[in-house]
Amino acid sequence: MRRNQPRSLWQSLVVRIPYAWLAALFVLPFLIVLKISLSQSAIARPPYTPVFDLAAGWHGIRAFFAALSFDNYVLIGSDPIYVLSYLKSVEIAAFSTLILLLVGYPIAYAIARTPRRWQAVLIVLTVLPFWTSLLIRIYAWMNILQRDGPLNQLLVALSIVKEPPVWLSTNTAIFIGVVYSYLPFMVLPLYATLEKLDESLLEAAADLGCPRWKIFWQVTLPLSSSGVIAGALLCFIPIVGEFVIPDLLGGSRSPMIGQTIWMEFFGNKDWPAAAAVAVVLVCLLVAPILVYQHRAMRAVERD
Amino acid sequence: MQSAGSKRGFAPWADPGAWPLLRVEGLSKRFGGFTAVNHLSLDVYEGEFFALLGPSGCGKTTLLRMIAGFERPNTGRIMLDGVDLSPVPPYRRPVNMMFQSYALFPHLNVEANVAFGLRQEGLAKLEIARRVADMLALVKLDSFGRRKPHELSGGQRQRVALARSLVKRPRLLLLDEPMAALDKKLRGETRFELMELQRRLGLTFVIVTHDQSEAMTVADRIAVMDQGRLMQVAPPAEIYEQPNSCWVADFVGDVNLFEGRLGDDGLSVEGTAAGTLRVAAKSPAEPGQVVWVAVRPEKLRIAREQPSAGLDNSVAATVLDIGYLGDSSLYKLRIRDGSQVKAAVANIGGRAAAAPAVDQQVWLSWPPEAAIVLTR
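First to last, the sequence lines map onto chains A and B.
Numbering-wise (numbering that gives the first Met the number 0), the first sequence opens with residue 0 and increments by one.
Numbering-wise (numbering that gives the first Met the number 0), the second sequence opens with residue 0 and increments by one.
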């Protein structure tokens with residue numbers, strides 16, 4: 000059997016490259032952030048203590064570890080500004096993921112049902128906005144959503160509203176920006192599963208007495224659940240940590256967690272507190288990823 | 000007589016007073032410039048096992064899909080129990096279909112797959128469970144109810160698909176190449192199981208197949224199709240013994256065709272590659288018309304010596320090749336004008352001592368009643 004053959008040097012190297020990548024660009028930075036989160040803020044360079052110093056020898060290392068503390072985590076738990084910030088992030092992410100599903104599913108379904116030669120064109124159109132920087136597109140939305148911007152002009156012209164409503168610095172503006180920016184991340188995985196859906200299953204359901212709308216709930220939706228989960232996680236996780244969109248479109252009264260980290264880091268210059276907030280965020284986000292991975296593994300075993 | 004009727008004394012098509020369960024009238028279906036079904040009409044009777052046989056692309060699956068409601072005909076209509084099905088959507092037709100790919104729902108287990116159709120009817124849970132259990136017992140899958148389709152073998156999946164399409168007791172069951180995905184041995188057994196099931200449930204089956212032996216085995220009547228048209232509709236024995244055209248004779252089984260002109264008495268064909276040939280049944284064709292004498296390979300006799308002059312037809316031939324098939328041997332021979340003839344000989348004498356060998360000169364002969372005259 001192939002599997003029992005000793006791997007060549009080249010093979011084992013190729014297998015280890017992704018791990019090396021992860022270690023260098025995820026695990027190591029995370030350990031540094033973790034270390035900073037256990038430090039104390041100080042007016043120094045870098046702006047925290049203790050600093051790891053091998054020159055002090057064994058005694059110095061012991062002093063270093065003794066100086067680490069969980070004070071910043073206690074602070075996060077006790078000050079409601081952090082808890083509220085987390086809650087707001089999760090709330091915004093959950094609600095916009097739901098909107099993304101409701102908007103993205105029909106789009107993905109329509110693309111998967113168009114004649115094959117048009118599908119590639121439609122997919123390219125879906126990802127076309129990525130060709131422009133996110134920052135520029137969000138600035139464009141700031142323009143659109145201004146008090147005398149195109150949206151309000153249109154609404155007034157159509158007599159839908161009498162007084163132009165305020166959009167900017169509201170949660171609505173955040174939802175508009177998030178749903179607009181993340182739509183491709185929802186549409187692509189949904190399209191990938193819906194495109195593989197066997198047409199004869201839908202015919203079989205109709206043949207067995209199932210009307211069209213029931214076929215959707217009983218066959219199409221259950222069979223595209225892997226795409227729904229993938230799309231939801233692909234959107235939910237980055238939206239929780241989103242910084243640019245709430246910072247430019249939302250208000251500053253109740254910040255999302257990304258804004259809070261930014262504030263601690265650049266405003267208060269409190270690197271350890273910012274690091275602790277970031278570590279808690281990572282831990283919160285690892286949970287849904289693990290759930291997803293568990294499901295994906297089960298799906299692989301099934302095939 | 001075997002050829003006139005059916006295998007089981009069931010022949011409602013011969014009764015002019017019988018009402019068909021399914022009547023197809025002048026049905027046509029075009030896809031772009033391609034005509035898949037061309038002005039086709041046929042009747043299927045209650046309790047019948049009806050086969051649509053034809054080469055791939057002949058329109059048989061399109062016809063089936065129109066009956067199920069997945070395709071809309073361009074012209075013509077489909078009547079079931081005297082009711083026009085045209086305005087009825089697929090999910091309201093009292094017709095079920097077994098798909099060639101089986102189309103089992105991968106997210107549902109065997110029980111839920113079979114129960115799917117009953118759940119749409121809004122039946123009571125207990126009633127559904129009872130009927131599903133009965134149906135699974137009928138197809139011998141009682142202990143597999145909790146399995147998912149991907150945990151079953153090909154043959155088991157096929158039976159789940161069959162159970163799922165039967166559980167609603169359709170007025171008409173459509174089977175699209177139901178055995179195409181099975182291996183040869185299993186296919187042979189499944190044919191008989193399918194026939195038994197059909198008789199036991201007293202249902203009407205319409206099966207689509209490109210496998211002629213499958214159609215011959217299971218069907219009461221076969222409709223042979225080519226290029227969207229019906230070539231012949233008749234019981235299997237009649238299709239084989241009395242094909243109505245060279246095309247049908249050649250498509251169903253092997254045949255030797257000799258072209259000639261019909262003699263004045265209507266009982267002989269002159270000027271063929273094998274000389275003048277006698278036939279037993281008088282042909283309705285005009286004397287002098289171009290006709291074909293059709294003889295099945297297994298009706299030919301091979302002899303070393305010239306048969307004594309009698310009523311039998313005979314022709315000298317050279318053995319070109321012998322295909323040994325176990326139960327029989329297929330001889331390829333050449334007659335004097337260079338054309339080839341096939342003869343099948345049953346291997347009943349063990350390793351036939353005196354069987355002719357390649358390159359030997361032999362005589363082929365057959366009685367007049369073994370051949371028929373075809374006019375097209």
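A couple of the hints might just be wrong.
Said to hold, decoys possible - Simulated pairs of lysine-lysine, DSSO-like, Cα-Cα distance not exceeding 27 angstroms:
1) B/Lys139 / B/Lys183
2) B/Lys124 / B/Lys139
3) B/Lys6 / B/Lys184
4) A/Lys213 / A/Lys195
5) B/Lys298 / B/Lys6
6) B/Lys184 / A/Lys195
7) B/Lys124 / B/Lys147
8) B/Lys6 / A/Lys213
9) B/Lys147 / A/Lys213
By construction, these hints were calculated from the structure, which means they are not laboratory data.
The hints, checked one at a time:
1. B/Lys139 / B/Lys183: Holds - the C-alpha atoms of B/Lys183 and B/Lys139 are around 20 angstroms apart, at most 27 angstroms.
2. B/Lys124 / B/Lys139: Measuring from Cα to Cα gives roughly 22 angstroms; hence the hint holds.
3. B/Lys6 / B/Lys184: Judged against 27 angstroms, a Cα distance of about 23 angstroms means the pair holds.
4. A/Lys213 / A/Lys195: holds, 20 angstroms
5. B/Lys298 / B/Lys6: At roughly 22 angstroms apart (the allowed maximum being 27 angstroms), B/Lys6 and B/Lys298 satisfy the hint.
6. B/Lys184 / A/Lys195: Answer violated: B/Lys184 to A/Lys195 is near 32 angstroms, above 27 angstroms.
7. B/Lys124 / B/Lys147: holds, 21 angstroms
8. B/Lys6 / A/Lys213: violated, 44 angstroms
9. B/Lys147 / A/Lys213: holds, 22 angstroms
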